[in-house]
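Visitor: In case you want the letters, here they are:
There are 4 protein chains.
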Amino acid sequence: MPPAYSFLKSQRQNELWRLLKSVRSTSVELSKPLSDADATAQSMPDASPAKWHLAHTTWFFETMVLEPHVPTYRVFKQEFSYLFNSYYDSIGDRHPRPMRGLLTRPSLQDVHAYRNHVDTALNLMLEENISADVLDLIELGCNHEQQHQELLLTDILHLFAQNPLRPAYRRTHSLVRHVERATHTEFQSFEGGLVEMGFDGEGFAFDSERPRHRVHTEPFQLAKRLITNGEWVDFMHDGGYENPTFWLANGWAAKQVAGWNAPLYWEQPDSERWTMTLNGLQRLELDAPVAHVSFYEADAYARWAGARLPTEAEWEHAAHDLPVHGNLAEKLRWRPRAAPESSSPAPQQMYGDVWEWTASPFVAYPRFQPTKGAAAEYNGKFMSGQFVLRGGSCVTPSQHIRRTYRNFFAPDARWQFSGVRLARNS
Amino acid sequence: MPPAYSFLKSQRQNELWRLLKSVRSTSVELSKPLSDADATAQSMPDASPAKWHLAHTTWFFETMVLEPHVPTYRVFKQEFSYLFNSYYDSIGDRHPRPMRGLLTRPSLQDVHAYRNHVDTALNLMLEENISADVLDLIELGCNHEQQHQELLLTDILHLFAQNPLRPAYRRTHSLVRHVERATHTEFQSFEGGLVEMGFDGEGFAFDSERPRHRVHTEPFQLAKRLITNGEWVDFMHDGGYENPTFWLANGWAAKQVAGWNAPLYWEQPDSERWTMTLNGLQRLELDAPVAHVSFYEADAYARWAGARLPTEAEWEHAAHDLPVHGNLAEKLRWRPRAAPESSSPAPQQMYGDVWEWTASPFVAYPRFQPTKGAAAEYNGKFMSGQFVLRGGSCVTPSQHIRRTYRNFFAPDARWQFSGVRLARNS
Amino acid sequence: MPPAYSFLKSQRQNELWRLLKSVRSTSVELSKPLSDADATAQSMPDASPAKWHLAHTTWFFETMVLEPHVPTYRVFKQEFSYLFNSYYDSIGDRHPRPMRGLLTRPSLQDVHAYRNHVDTALNLMLEENISADVLDLIELGCNHEQQHQELLLTDILHLFAQNPLRPAYRRTHSLVRHVERATHTEFQSFEGGLVEMGFDGEGFAFDSERPRHRVHTEPFQLAKRLITNGEWVDFMHDGGYENPTFWLANGWAAKQVAGWNAPLYWEQPDSERWTMTLNGLQRLELDAPVAHVSFYEADAYARWAGARLPTEAEWEHAAHDLPVHGNLAEKLRWRPRAAPESSSPAPQQMYGDVWEWTASPFVAYPRFQPTKGAAAEYNGKFMSGQFVLRGGSCVTPSQHIRRTYRNFFAPDARWQFSGVRLARNS
Amino acid sequence: MPPAYSFLKSQRQNELWRLLKSVRSTSVELSKPLSDADATAQSMPDASPAKWHLAHTTWFFETMVLEPHVPTYRVFKQEFSYLFNSYYDSIGDRHPRPMRGLLTRPSLQDVHAYRNHVDTALNLMLEENISADVLDLIELGCNHEQQHQELLLTDILHLFAQNPLRPAYRRTHSLVRHVERATHTEFQSFEGGLVEMGFDGEGFAFDSERPRHRVHTEPFQLAKRLITNGEWVDFMHDGGYENPTFWLANGWAAKQVAGWNAPLYWEQPDSERWTMTLNGLQRLELDAPVAHVSFYEADAYARWAGARLPTEAEWEHAAHDLPVHGNLAEKLRWRPRAAPESSSPAPQQMYGDVWEWTASPFVAYPRFQPTKGAAAEYNGKFMSGQFVLRGGSCVTPSQHIRRTYRNFFAPDARWQFSGVRLARNS
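First to last, the sequence lines map onto chains A, B, C and D. Position one of the first sequence corresponds to residue 276 (my numbering), numbered consecutively onward. Position one of the second sequence corresponds to residue 276 (my numbering), numbered consecutively onward. Position one of the third sequence corresponds to residue 276 (my numbering), numbered consecutively onward. Position one of the fourth sequence corresponds to residue 276 (my numbering), numbered consecutively onward.
Derived by calculation from the structure, the hints in this document are not laboratory data. Be aware that a few hints might be false.
[What the hints assert, rightly or not] Chain C is nowhere near these chain D residues, computed Cβ spacing over 12 Å in every case:
#: 1; residue: Q286
#: 2; residue: S297
#: 3; residue: E342
#: 4; residue: R349
#: 5; residue: K352
#: 6; residue: Q353
#: 7; residue: Y357
#: 8; residue: S406
#: 9; residue: V409
#: 10; residue: D411
#: 11; residue: P439
#: 12; residue: P442
#: 13; residue: F510
#: 14; residue: G555
#: 15; residue: V638
#: 16; residue: A651
[As the list claims (entries may be wrong)] Simulated restraints, written as ranges between beta carbons of each label pair:
#: 17; chain 1: C; residue 1: V532; chain 2: A; residue 2: P373; range: 49 to 59 Å
#: 18; chain 1: D; residue 1: R372; chain 2: A; residue 2: R446; range: 29 to 39 Å
#: 19; chain 1: A; residue 1: E304; chain 2: D; residue 2: R372; range: 34 to 44 Å
[What the hints assert, rightly or not] Distance condition first, Cα-Cα at most 30 Å in a straight line; then the derived BS3-like pairs of lysine-lysine:
#: 20; chain 1: C; residue 1: K352; chain 2: C; residue 2: K307
#: 21; chain 1: B; residue 1: K352; chain 2: C; residue 2: K307
#: 22; chain 1: C; residue 1: K352; chain 2: B; residue 2: K307
#: 23; chain 1: D; residue 1: K307; chain 2: A; residue 2: K352
#: 24; chain 1: C; residue 1: K284; chain 2: B; residue 2: K307
From the three backbone atoms N, C-alpha and C, an ideal C-beta is built for every residue, glycine too.
If we strip away everything but chain A, and leave its shape as in the complex, we get (with noise of 0.2 Å):
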């Protein structure tokens, strides 16, 4: 990079080339402790390979940067375009999901080759000037490989969990605050209003999370810390999962044809319980939060605890003055987390320990408009059958956290780490 040049380059495109080599590389950190084999199969429909989600990130920057933009680019091989397009129509056919996992080729080194040959590409675009558009897409590109460094994640402990040896990922500490067990829930109480939700600040957001537009919420209280894992023991010996007057009818039907009793990973082998996690199978911590059940189920808990689960625009209002800190540090540098401190005034755990399910269907906000574009796909096709889930997790990476961020799952879906927060009318 001649240095003439670089001061030319807005301070944007700079900040963006540091994010984009910071997410390139924790990808690769993440993919470290798995070996080819680990990174080619897929344990479930809904999960995919840790090796295609290396060359899917790869393959949007190709696709939706390099390819466009860069006329003298070369693609790194024609028939990735088939193998690695996860869901856009747009572009063309591809490899069906289900069977991501007998793809044992390209290996895991051939992926990494990929990803050095599109790194380098991004990189000699990067020291030229480039239009925001453009910049557009590169930072896209990043905030989309960080969703898929936490599925990754996701993902990998699925496919752990599978395996009768119970394979750690890594071994660390553990990924989530703890809370000081109380006998009650304390509440927080809001007095609603015509409130603001929506995205309209400076820096990425998705397209799902915009316009910032008015609701109008009655008062409410939330919750000021998670259900522990404590707590959920407390629902299953109180028949939590074999009374259906708990539950969506839906919910009830999935429990039955899925056979749910406790939360996904939770095993029972001799008197106590553990739960498999990243670091292999593990005691279960009752003061943790629980993790990894579905909407079905954190709904199932809140009407059998007298509550019910927050709306999307209630946690934003209620998130409004609290920082926004993540939890995944950079390469992965997991540290022991403060406790929460159960005095404090204003809910804790909102960002970083696990998603929370809200009682909201993720639907497009008045006045949606999809990105232009191949990414118009990204968010809006998915606006129906899925609830959002708000916060982020331990997994997810710290800077991709923000206030007002939508993620969205299935309501049976489980192998996230979702969890719950209360909410109640005041």
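Chain A is fixed; fit chains B, C and D onto it per the hints.
Guide: Positioned in the frame of chain A, the structure of chains B, C and D alone reads:
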């Protein structure tokens, strides 16, 4: 009914009694064109046999009204509680829904005897003064039976459509109002703002319509008429069923699996299009509103047309000053309906033609309270995975239509008389 | 029938005419206890509605006999060819088997009108001399209808067993001969050697029973009676359904998926065992032959008992000198049957109690030739994936039982009257 | 191995020891072209990962030979008994077959360590004199591993065929002998009569090949060569896949569901036909024997050709005087094979090209006795729902081919090297 007591009864009780008699006799009337076999078969798990509708609505009165409130009442047949419970978990076990079509016994004649037994007991009960709580249950039972009257007709249409002989349920006039086909859809503009929605008037409404509450709505426009069959043909000719970019992802998957390429019941045995109706197989009327489309198709159509579906708040707000009138005349004296005036300043065809898919998932209104008692399961437990439809169809009983009414079905349901009205941002 | 012509007709034609009348009227007799709804429902894809059996057997005469051989014959209703073709690909398209239960029209009454129309034409035809070829087809049609008479009864039993009211088809005596329960099964020894099997006598036999041919058989022993319900209870108490080493791999898989733990139709609502029969729910008779077991269960039982199932060659050889007699008296005058003598030197209960599973897959005999014409599809195309049963059951028409008869069903079929006779090596 | 003891050991033990070493090293050789990921993936429930084959065959020796017969043997890793048991119910629970592809751990390297551990123990054991019973088990283990060597290759081919990159397992010569294509198939005549079949010689055979016994066979003719790809193309052009009258009913249903319209692995990306092989995607060789067809297709082809498939008795009788020779040279030195002479008086291509479907269901021979011990489950429990194949394929180890060998697969299996030889009645 001894006149000495008659004047003591409340006006409400007398009105409800009249409603009860009318509703109960309408159901019998609706079953007249059906043989025992017609009334027994079940064409898919979502549909129920006509006999089952007749018995289940009777079971509802027996279980909710007579058993708890008439100490001398003798249950008609003990096993019926198991056979004709639809989904009330708090009441006990029930016969599996997909096996309803195997109940060749009791016969249609036995079911009518059951109806008579319960009607006699209800009439005896209503000769005495009864409490408001019980009157509420009777009112709920009448509205419940009206819902099943519509389902009986939609389910018979589905059954007869599976029969290669394409039998007619009943020869009658066309059930929907046609429009004079215009070259484009006219829209009416609304200011929006902080508007009210939900029920708080006199008379009956379901728990899901309450409480009345405020929502903030951006300025919007609503189409003055429904989309016609002819317009749907245009959508088909323009590749509407072949282009995934018009579709939600779940919708596209549903379309692929089920092989949708036209609304349900459309056929093209020769050069002309036909459609299966309660009148048997009929030529497709291009100026009639399209019916039997899923939410996914409605949504794809709207995107293709450069518009969107209205939210239920928008729909309810726009319907503010329109007179409510239904279509299913008492005792099924179906009449041809006057065409709507195309120059009308207000939206036309809002009530009683086809149910109109909205963009709104069926969720609880703020501070929603389920009905007390067993009827608590009536609506609340279906609040996931469904979308709201508004307006009432040509087979909805007239008295059962109201502005705040929230019908709901899964987004892939097509066997209801469900159609499309467009909206767009102002 | 004018006597002037009668003496001209062959004795065979007169006999067949009598058989035809008897068979056709027996079918009508069998339908008498059924309502239109009973006759319409289909309880599983393997079963057919009674109405369908009545119509399909009629369609067989219309399509195979009348249409090709009576130029003046007018088809009753054109659509019936599509509706009532079972599996004859050479004749044309057909209504999908799993949807037979949705044909509420034509009604049972219409089907009887169809039967009368075809009977009239057949009787007119038989007043003239007709060729041996056509007589062969009529004979095939009679035997075909006798097969469907048995199926009509097994299918109605299956339908009624799904109904929580457990209705009875017809109150009558027990259909099977009981045995005096002994402490052990006696076996009769046979020398084997190069023996003959298959049909070559006078009268009717299906193509699959021909040609008569030689097979070499090792010395063997055949049990003198059928396995009883009481013996089956012993098998169950000894873990028969829990121990995979008794079972074929496919059988164990089928058992696991379907949850078999007793013969079909056995129930234990209280401390006693009951079984669903054509007489409704009855106490289990321990000395009656076990019925409604699959090949897999029969085979597992035999292995548990230290024996094996007989091959069909062994069965046919052992049945050499036994008189054939059936059980389903004409017009269903079902009578209690005499108990077999336990001291008999010959095998008992060989005919007319339950079909006996053999160890032999249903394959073609050497030099097998399918029937010519459309009836070529009658048996040959089913020669994979099925096992042979021998002997005839209590609901097989008497005249339809013969020593060489090869019935066949898939190894997981349980709704036929199928039971077990043991064999072992000498 | 101290020479002092060597001469004490039986000749059989020494021969077996050599066989063991050869077999064990061939498996390792076969795994060399595979990455850890290649060896881990499972492309369908019927197939297994290469790593699993390598481990399971090792587990067989550990469980059947070392654990019961070498008191000092220390199991390599306790969990492997659960992971690598295939279907031995008497040994204990096992990992579900469809999830074998999720075992990314143990790695391929770990599996090789497991192999070395067991090989060391086996070699130590064989330095001492061991009993005939244990030698029998070692011999069974060697034959078992040879079966899995073939499966490893067929399963890898299936896996690589799912990969859009169509990778090659190994570049080598064509594996099958071609024929000089003739205008018609020549047949050789056989008298039949009371012939003997089954194994009773020296050396190894599976329990299912015993006992030798007599069967009566009518005079028949057997084709002198296999059906070629070119002849299969003729079948396709003549509507072979469109005309149900050629097909067994179950076969036609399987074809419809799976959409078969050519042998497995055939592709036609352009105007030419190609087929996926262990060499990667190759042009279809018209004179090579057709492979990868199901029993149903083979049977339909035979009916189309006016012939039939041979019974296994016919095949074994016809093979009487032919020299047995396999094709998979030790250590995979695959060589081009000489073309068979078309003027040969004896059938050609009987061994080592493709497995030949017979008309015979896989059932027990008269007086069949399963192997004693856990190996009793080896063959006997699969004796339903499968058809016998004879002759061995181009990927069957040479020493593993013999005249009496009974391979068996379900009639819809297509991923083996399975082809067609015709027979007909004399």
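Visitor: If a hint holds in the structure, say so; if it doesn't, say that too.
Guide: Verification of the hints:
Every CB of chain C is more than 12 Å from the CB of D/Q286 (nearest about 35 Å), matching its label as outside the interface. The claim that D/S297 is not at the interface with chain C holds, since no C-beta of that chain comes within 12 Å of its own (minimum 31 Å). Once the 12 Å rule is applied to beta carbons, D/E342 is consistent with being away from chain C; the minimum gap is 19 Å. Listed as outside the interface, D/R349 is consistent with that label: its C-beta sits roughly 29 Å from the nearest C-beta of chain C, beyond the 12 Å cut-off.
Every Cβ of chain C is farther than 12 Å from the Cβ of D/K352; the closest lies at roughly 25 Å, confirming the non-interface assignment. With a least CB separation of 23 Å from chain C, D/Q353 remains clear of the 12 Å interface cut-off, as annotated. No beta-carbon of chain C is positioned within 12 Å of the beta-carbon of D/Y357; the least distance is around 16 Å. The Cβ of D/S406 lies farther than 12 Å from every Cβ of chain C, with a closest approach of about 25 Å, so its non-interface assignment holds.
Against chain C, the non-interface label of D/V409 holds: every CB pair exceeds 12 Å, the least being about 23 Å. With a minimum CB-CB distance of about 21 Å to chain C, D/D411 clears the 12 Å threshold, and the non-interface call stands. Remark: the non-interface label on D/P439 is consistent with the geometry, its nearest Cβ contact in chain C lying 33 Å away (cut-off 12 Å). A cut-off of 12 Å between C-beta atoms confirms that D/P442 is not in contact with chain C; the least separation is 33 Å.
Distance check on D/F510: its Cβ is at least 18 Å (rounded) from any Cβ of chain C, clearing the 12 Å threshold; non-interface status holds. The beta carbon of D/G555 is kept farther than 12 Å from every beta carbon of chain C, the shortest such distance being approximately 34 Å. The claim that D/V638 lies off the interface is violated: its Cβ sits roughly 6 Å from the closest Cβ of chain C, which falls inside the 12 Å cut-off. A cut-off of 12 Å between C-beta atoms contradicts the statement that D/A651 is not in contact with chain C; the least separation is 8 Å.
For C/V532 paired with A/P373, a C-beta distance near 22 Å fails the hint of 49 to 59 Å. Take D/R372 and A/R446: their Cβ atoms lie about 32 Å apart, and the range 29 to 39 Å holds. For A/E304 paired with D/R372, a C-beta distance near 36 Å keeps the hint of 34 to 44 Å intact. For the hint pairing C/K352 with C/K307, the CA-to-CA distance comes to about 24 Å; that is within 30 Å, so the pair holds.
A hinted pair counts as satisfied when its Cα atoms are at most 30 Å apart, and B/K352 with C/K307 qualifies at roughly 26 Å. With a C-alpha separation of about 26 Å, the suggested pairing of C/K352 with B/K307 holds against the 30 Å cut-off. Distance restraint check for D/K307 and A/K352: the Cα-Cα separation of roughly 26 Å lies within the 30 Å cut-off, and the hinted pair is therefore satisfied. Note on C/K284 and B/K307: the hinted pairing is violated, with a Cα-Cα distance of about 52 Å set against a maximum of 30 Å.
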